[in-house]
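Protein chains in written order, with our numbering: chain A, -18 to 283; chain B, -18 to 283.
One or more of the hints may lead you astray.
Identical chains share a label here; the pair holds if one copy fits it or two copies do between them.
Claimed, not checked - Below, computed lysine to aspartate or glutamate pairings styled on EDC-like, alpha-carbon distance capped at 20 Å:
| id | residue 1 | residue 2 |
| --- | --- | --- |
| 1 | K59 | E227 |
| 2 | K48 | D270 |
| 3 | K276 | E34 |
| 4 | K276 | E114 |
| 5 | K203 | E265 |
| 6 | K151 | E80 |
| 7 | K268 | E244 |
| 8 | K37 | E279 |
| 9 | K230 | E265 |
| 10 | K37 | E125 |
| 11 | K196 | E176 |
| 12 | K37 | E282 |
| 13 | K276 | E244 |
The hints are simulated quantities; they were obtained by calculation from the structure and are not laboratory data.
Number of protein chains: 2
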Amino acid sequence: MRLIECVPNFSEGRDHEKIQAIVAEVNRVEGVKVLDLSPDADHHRTDLTMIGEPEKVYEAAMNLAVKAVELIDMTCHKGEHPRMGAVDVVPFIPVSGVEMAECVAMAERFGREFSEKTGVPVYLYEDAARKPERKNLADVRRGEYEGMLKEIGTNPDKVPDFGPNKMPLKSGATGVCARFFLVPFNVNLGTTDVEIAKKIAKAVRFMNGGYRYVKAMGFDIKERGLVQISMNLVNYRGTPIFRVFETIKSEALRYGVPIVGAEIVGLVPMEALVDVADYYLRLENFKFDQVLEKKLLEAYEG
Amino acid sequence: MRLIECVPNFSEGRDHEKIQAIVAEVNRVEGVKVLDLSPDADHHRTDLTMIGEPEKVYEAAMNLAVKAVELIDMTCHKGEHPRMGAVDVVPFIPVSGVEMAECVAMAERFGREFSEKTGVPVYLYEDAARKPERKNLADVRRGEYEGMLKEIGTNPDKVPDFGPNKMPLKSGATGVCARFFLVPFNVNLGTTDVEIAKKIAKAVRFMNGGYRYVKAMGFDIKERGLVQISMNLVNYRGTPIFRVFETIKSEALRYGVPIVGAEIVGLVPMEALVDVADYYLRLENFKFDQVLEKKLLEAYEG
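This is chain A alone, in the form it adopts within the complex (with noise of 0.2 Å):
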């Protein structure tokens, strides 16, 4: 069983027939399965998360692409999420059997035959960005839809990936990325000193020496009468929830405040929490694939 994860955002929140149309070439894909669809009017946009072998999803990516395109125009568009095109992004995300390595070919093979297809720049981004100052979106899409409409073919530093250096009116410019699935993981200490959440979250997170893929914040939830370390575990292969915990546990150890509880917040790849299992039973060579589910999956798209 190969999955990866599919994102796309695009700029119509508004108009369900648009909305319906862009879809349904997802849906006509076979094997592809959209788990979430969340059209938001305030933010004029639409984020739909789809799932599938790698082939599969790629070509559903595609269609709704160039459909996308085909439908939105973004010289009326106003919303209040940032945004930089009718297609505003594409990530791909490992889920199962892939590697990232296949995501970021795919993110790239993905942005060439988009812009050709369309004519609209793309940026890479993330896992594929070829720039370090185009890791980050916020910085690849810095000045949105009109700042980008005046910097490109003139800013050398916008130059895009893919595509010609001069942005299309209709339908402005596109990022395309591969990324880890993120994990958003909260931890709830029984203290009301919300500095012991702040100082276990510096310990922990990337930016101030702690673990690679882990971002933190303290936060007081007063209705509660607690504190909460509050994370995005941007790659939980390879920093897992297991160590986070276990590392934040002996912190709270050394103030004398108890862990009362945990959360993860949406979706999370069935790996994630195996990988959980199998290290506080110290499990001896257990394998994904004993996992019945995984096995029915399998059989299903067999």
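For this one, chain A is given, so just place chain B on it according to the hints.
Frame of chain A; chain B shown alone:
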């Protein structure tokens, strides 16, 4: 996503044409997946593991059983494995979103319909047993095909739960049950003193006052210089893996002996591992629906 497993065992392990004809009865039910097929020539017996939605699995199991009765002749059957009929046993096992009570009701319905269709006497056992003395399959099957031929119709203890009180020569009798998914779970201790493994096995197993759903034995693993507590967890919902593991950890500590590893043998439902992660990470309100692959399975089934 509602899933049950069914593992019919039938008394043909040599004639591959017959085996294929029987398995074909399962394959023609859409949505039922065969996860394993193990024909055994010495046992002259085949175990088939299938999984799917309850009603689909019921239908596939019925098709298979009726076909096996048609094709298999017990009068000339010899094999090493104990057996009482052409369709020896049909166990229904809750896997996901299904309670045991539903599998018990299904075993009863299956027993009635199968005996009506084929004239085969049916015995309910395990969680579907109607009398305590029929709980264990070994007790129900005592005497096997040859012995039961003489006893059914004369011994009042052998009156079947469904079907005639007379055993048809060609097809013998059939056991139908509902039971939980069995998880073989072994824990290795860093000592050569097998007595410690035996004492801990005694502490956790039901028979000696331990956990209700644990069977356990202590063994030597000479080639590794270790000892092992070898267990069958017969209901991981009632007695979860982490609780057994933590008890072993604390008992081992009392003898000053380390746990050096553990193993889960064969397939394990995702739910059993998610429970382990949930416990050790102290998750609040984690829902099984948050597992990406569960969503994906639902999409396949929808």
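Discussion item. Checking an output row: K276 and E114, CA cutoff 20 Å. Within, between, both or neither?
Written reply: Answer is neither; intra-copy 42 Å and inter-copy 36 Å both fail.
Item to complete: Measure nothing new, just compare the shortest in-copy and cross-copy C-alpha distances for K196 and E176 to 20 Å and report within, between, both or neither.
Response: The answer is within: 17 Å in one copy meets 20 Å, while 48 Å across copies does not.
Item to complete: Go through the copies and call it for K151 and E80: within, between, both or neither, with a Cα cutoff of 20 Å.
Response: Answer is neither: 35 Å inside a copy and 55 Å across each miss the 20 Å cutoff.
Worksheet item: Between copies, within a copy, both or neither: which fits K59 and E227 at Cα up to 20 Å?
Response: neither (45 Å within a copy, 56 Å between copies)
Discussion item. My question is about K230 and E265: at a cut-off of 20 Å on alpha-carbon distance, are they close within one copy, between copies, both, or neither?
Written reply: Answer is between; shortest inter-copy Cα gap is 16 Å, intra-copy 24 Å.
Fill in: Homomeric proximity label, K48 with D270: Cα distance no greater than 20 Å
This pair counts as neither: shortest intra-copy Cα distance 38 Å, inter-copy 31 Å.
Worksheet item: Taking 20 Å as the upper bound on the Cα-Cα distance, should K276 and E244 be classified as within, between, both, or neither?
Response: between (28 Å within a copy, 19 Å between copies)
Practice prompt. Could you figure out if K203 and E265 sit no more than 20 Å apart (CA to CA) within one copy, between two copies, both or neither?
Written response: This pair counts as between: shortest inter-copy Cα distance 17 Å, intra-copy 43 Å.
Worksheet item: For the identical chains here, do K276 and E34 meet the 20 Å Cα criterion within one copy, between copies, both, or neither?
Response: The answer is both: 15 Å in one copy and 15 Å across copies each meet 20 Å.
Worksheet entry | Alpha-carbon proximity context of K37 and E279, limit 20 Å | This pair counts as both: shortest intra-copy Cα distance 15 Å, inter-copy 18 Å.
Discussion item. Within, between, both or neither: how does the pair K268, E244 come out at a Cα-Cα threshold of 20 Å?
Written reply: between (26 Å within a copy, 10 Å between copies)
Worksheet item: 20 Å Cα cut-off: does K37 pair with E282 within a copy, between copies, both or neither?
Response: both (12 Å within a copy, 18 Å between copies)
In this structure, the hints that do not hold are numbers 1, 2, 4, 6, 10, in rising order.
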